[in-house]
Amino acid sequence: MDILFDVLRTAIAPSTAAFALAAIGLNFHFGLTGLLNMGHAGFMLLGMYGFAISLQAGWPIWLALIAGLVAAGVFALLLGWPTLKLRGDYLAIVTIAAAEMVRFLGRSQSLKDLTGASSGIRGKDFKEPFELLSPFPDRIVEIGPFSLHGSRSSSWWLTVVTWSLVFLFAAIYWRLASSPWGRVLKGIREDEDAVRSLGKNVYSYKMQALVIGGMIGALGGITWSLGNSVQPDSMGRPTTFWIWTLLLLGGAATVFGPVLGSILFWSALTLVKSVASALIPSDVLAPTELEPFSLVLVGVTLMLLVVFRPQGVLGNKKELAFNG
Amino acid sequence: MADTVFTSVPREPGAVKPNAILVADGVTRRFGGLTAVDVAHFEVERNSITALIGPNGAGKSTFFNLLTGFDSAQEGEGTFEGRPLRGMSPAKVARAGMVRTFQLTKALNRMTVMENMRLGAQSQPGENLVRAFVPPLWATREREISEQAHELLHRFKLYEKREDYAGSLSGGQRKLLEMARALMSKPTMVMLDEPMAGVNPALTESLLDHIVELKEDGMTVLFVEHDMHMVRRISDWVVVMAEGKIIAEGPANTVMANRAVQDAYLGSHHDTDLFEEREEA
Amino acid sequence: MLATLDRRTLLKAALVFVIAAIGFVAVVTLGGGAEAASADPEVATTAATTAAGGNILLQNLFNGVVFGLLLALASVGLSLIYGTTGLSNFAHGEMVTFGAMITFFLATQQPVSLPLLPFSFTVGLPLIPAALIGISISAGFGWLQDKVIWSQLRRRRVAMVQQMIVSIGLSLALVNLIQWWIGGRPVRLTTSIDPRNQYGPISVGNVTLMSMAIAIVALLGVAYFLQRTRLGRATRAVSDNPALASASGIKVDSIIRIVWVMAAGLAALGGILLALYQQGIGFDDGTQLLLLMFAAVTLGGLGHPYGALVGSLIIGIVAEVSTVWLPPDLKFATALGILIVVLLFRPQGILGKSERVG
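Protein chains in written order, with our numbering: chain A, 10 to 333; chain B, 2 to 282; chain C, 40 to 397.
Simulated from the structure, these hints should not be mistaken for laboratory data.
The structure presented is a predicted model; accordingly, all values stated were derived computationally and were not measured.
Just to be clear, a hint being listed does not mean it is correct.
Now the stretches of chain A that chain C is said to cover, found in silico as 3 or more residues with beta-carbon under 8 Å [to be verified]:
#1 55 to 66
#2 138 to 147
#3 184 to 191
#4 269 to 277
#5 281 to 293
Here are some, though not all, of the chain A residues that point toward chain C, as calculated from beta-carbon distances under 8 Å [claimed, not checked]:
#6 Gln118
#7 Ser119
#8 Ile152
#9 Gly153
#10 Pro247
#11 Phe250
#12 Val264
#13 Phe265
#14 Val305
#15 Val307
#16 Gly308
#17 Val309
#18 Leu311
C-beta atoms are modelled at their ideal positions from N, C-alpha and C, and glycine is treated no differently.
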């Protein structure tokens, strides 16, 4: 029963919601427009840097939020400007390289005063303004079987905020994807020359998608940092790949795919770790080996998903996520 | 079926037409050392069906791409309805009223036939990101577009397939869809790149009829083709390209009797299909 | 449209470069100057830069050439795979780590184990046989990978984007498998210390010189193979145009199989030499290296056999020489910055032919 509670707790955790948000952003890129953004973690990291550094500088929280989003938006503009005219895999290489550059810069000793270098920015250095907004009491609150702090870190407050944002942005995705604007993006995903020949400015649409998705990714990063801390090395390439995995798991180009994918992904990971640590003796699988072991499974899952069920759990079999 | 307008037009390369809609001058496109297109002068008569023919590797498709803004020439000028084409993006060319199709059909496979059609329409305010949030701003136009799409689908006999994914259509049906989609923008000129390639004989007939209908509806058609029989049946005027240059112009029968044209076609018989494929890549 | 880089594109690229450069300099100066973080594993490679009294620039240039040569060993395979199959293989970095780790596994005197084995043991071979066996096992792994995964995907005509994501999954699985197997700490292939000798302004150890020689011989071997042997010429033909190669009787699938074996073997060799050069290798060093490999291959011209070599040398030199002016923990960032800038100006790479469009 403990394992079940662990899994349930992961399923509703703010981090899970933060990843769902980030995946909604990636869904704008890949699911809707077909852009191969392989540096999504870079958008998240930039968002949380913008947010946390602005807060440390004493800006009000709404301005700090905007700063985080604008940082990611400008990043998207700079990356997209030259690459969106080139073949798709160039965007993949440039985004992955640029995301790593953000991480390298962030963890560089030369920026220690600003970013805290490789140890990052501690939660207590920037979370307070957000936690003060909490309507929940400043203590542990038990609701049903779950007990969380009312306001601090991964709190009830953060849970409510993140999941509300997830549903807000799922709704925004639905509205935009089923509008004529979304139709143009889907057309670009299928064949951008055809869309060009129909009089649409493909470049501008791709840029809009890149910026919107990047900003939603940044919001995911910001909410993630509110439950954890700003840590450059937790936003490396593996993070980007997890988001890809969970998006493909849930179903790209669907409204609830990113949400379901995030819940399934993190729950499954918790389940695997709990079951493995309960059943496999520790001389066969030491506790420190649990993490890599479960990530091996993630990698294999991603491979199998892409080959055997590219449409994910929710996807339409005909509207596959890839060009056959 | 030569049109009377053409009686006074000289049968020579670069002939001046009485009422040209599309004009190109001194267009060259080189790839490395290879000159793919080198056209001195070219005009297309308004409300006519003009065929652009030539052996493989003659530069037809490249020329087509240059005219529609999909490629840019090193030198040369062009005008469409008097507006300069130089530096115009493909999208702007299309919005100006010159819509093209592709040799390798570009149906948007994972969208339904209706979505394909709706995408072809112009001035849908909902294609703007901000307005997309507010359906009342675009729902009216969306209904108009849908009605127009229904009409066209009836005409192209695709109405029954309207909710199917475009990827599930046959090759010929996709060609029809692509043409119908191009018409959604109510163009003045339609550019068809090998409309008959890979289409079974039964459908070829109806495709030809559709092309003739375009002219009857007041549009201008320029199409690339290498099957001489198709060309003969429907075109008012034929332009022949070889090795990047225009070598002959005139009504189909005159052109096919032309010695230079026969030489160009015979001489290129050894040309592999590969060359053409690379050109399209 | 790829080929026609008009003035507007160039202007844009230049502007992005300037903005990036200003931002870069601004944050670096704002952050308060260069302080090396010697705790970082990547920085450990610059330990060689502390040449006492010598010309720092020359020393770094030399280090750059060494690093570039080792990088080239790894990226040549990546480039050959891209050339013959069109796949951007994101799991190539793990092949580098795998080669070094299997050698460590065979050579170390410490007790080692395998994942899920509840006991440990020692193999303890001398380094050179261990390295040779390690390279063979890696090459065999390349063969197996192509047989079990990639040839199957090609046969099923799985789209390239999909295959690329499969390779990302494989990369994630392999890097964690290696961590599970060897552990999170960097390991060393030898315990002996390589004493440095001074040659004019350059200080270098014997092991490094030997690594360089081995790398050069291996690269010359690849060049000889591609240029002079029947199989090599067939490989280049497949790279040029698979359809044509297939039509002229070349067995494309067996060529690709050979390319995989070769790529894996070269990557393993690169990994072993890298582990010797930087005196240790961590479970994700190859993964970190992947981006530099991509940078090198893209820089030289995607799929161009010698492009990888040229690109690797440039990346190696840029990364090492940049540490003269920039903090050493930014050297990889600089190298990636160079990649982005080159992509803007010359997307087809330095040796790549401009693509024909139309």
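Status of each hint after checking the structure:
With 0 residues bearing a CB less than 8 Å from a CB of chain C, the segment 55 to 66 of chain A misses the requirement of three and the coverage assertion fails. For the segment 138 to 147 of chain A, the stated coverage by chain C is not satisfied: 0 residues place a CB nearer than 8 Å to a CB of that chain, which falls below the threshold of 3. Proximity of the segment 184 to 191 of chain A to chain C, defined as three or more residues with a beta carbon under 8 Å from a beta carbon of that chain, is not established by the 0 residues found. Against chain C, the segment 269 to 277 of chain A contributes 0 residues with a C-beta closer than 8 Å to a partner C-beta. That does not satisfy the three-residue criterion, and the hint is violated.
With a threshold of 8 Å between beta carbons, the proposed coverage of the segment 281 to 293 of chain A by chain C holds, since 3 of its residues qualify and at least three are required. For the restraint placing Gln118(A) at the interface with chain C, the shortest Cβ-Cβ distance is roughly 4 Å, inside the 8 Å limit, so the hint holds. Hint status for Ser119(A) relative to chain C: holds, with the closest Cβ pair at about 4 Å, below 8 Å. About 35 Å separates the beta-carbon of Ile152(A) from the nearest beta-carbon of chain C, more than 8 Å, and the hint is not met.
For the restraint placing Gly153(A) at the interface with chain C, the shortest Cβ-Cβ distance is roughly 35 Å, beyond the 8 Å limit, so the hint is violated. For Pro247(A), the interface hint holds, since its Cβ comes within 8 Å of a Cβ in chain C; the closest pair sits about 6 Å apart. The closest approach between the C-beta of Phe250(A) and any C-beta of chain C is roughly 5 Å, which is under the 8 Å cut-off, so the hint is satisfied. For the restraint placing Val264(A) at the interface with chain C, the shortest Cβ-Cβ distance is roughly 22 Å, beyond the 8 Å limit, so the hint is violated.
With a least beta-carbon distance of about 21 Å to chain C, the hint placing Phe265(A) at the interface is violated under the 8 Å criterion. Against a cut-off of 8 Å between C-beta atoms, the interface hint on Val305(A) holds, since the closest Cβ of chain C lies about 5 Å away. Because the beta carbon of Val307(A) sits about 6 Å from the nearest beta carbon in chain C, less than 8 Å, this interface hint is met. Taken as an interface hint, Gly308(A) checks out: its beta carbon lies about 3 Å from the nearest beta carbon of chain C, inside 8 Å.
The closest approach between the C-beta of Val309(A) and any C-beta of chain C is roughly 5 Å, which is under the 8 Å cut-off, so the hint is satisfied. Annotation: interface hint on Leu311(A) holds; nearest CB of chain C at approximately 3 Å, less than 8 Å.
Comparing the model with each earlier hint shows violations of hints 1, 2, 3, 4, 8, 9, 12 and 13; every other hint is respected.
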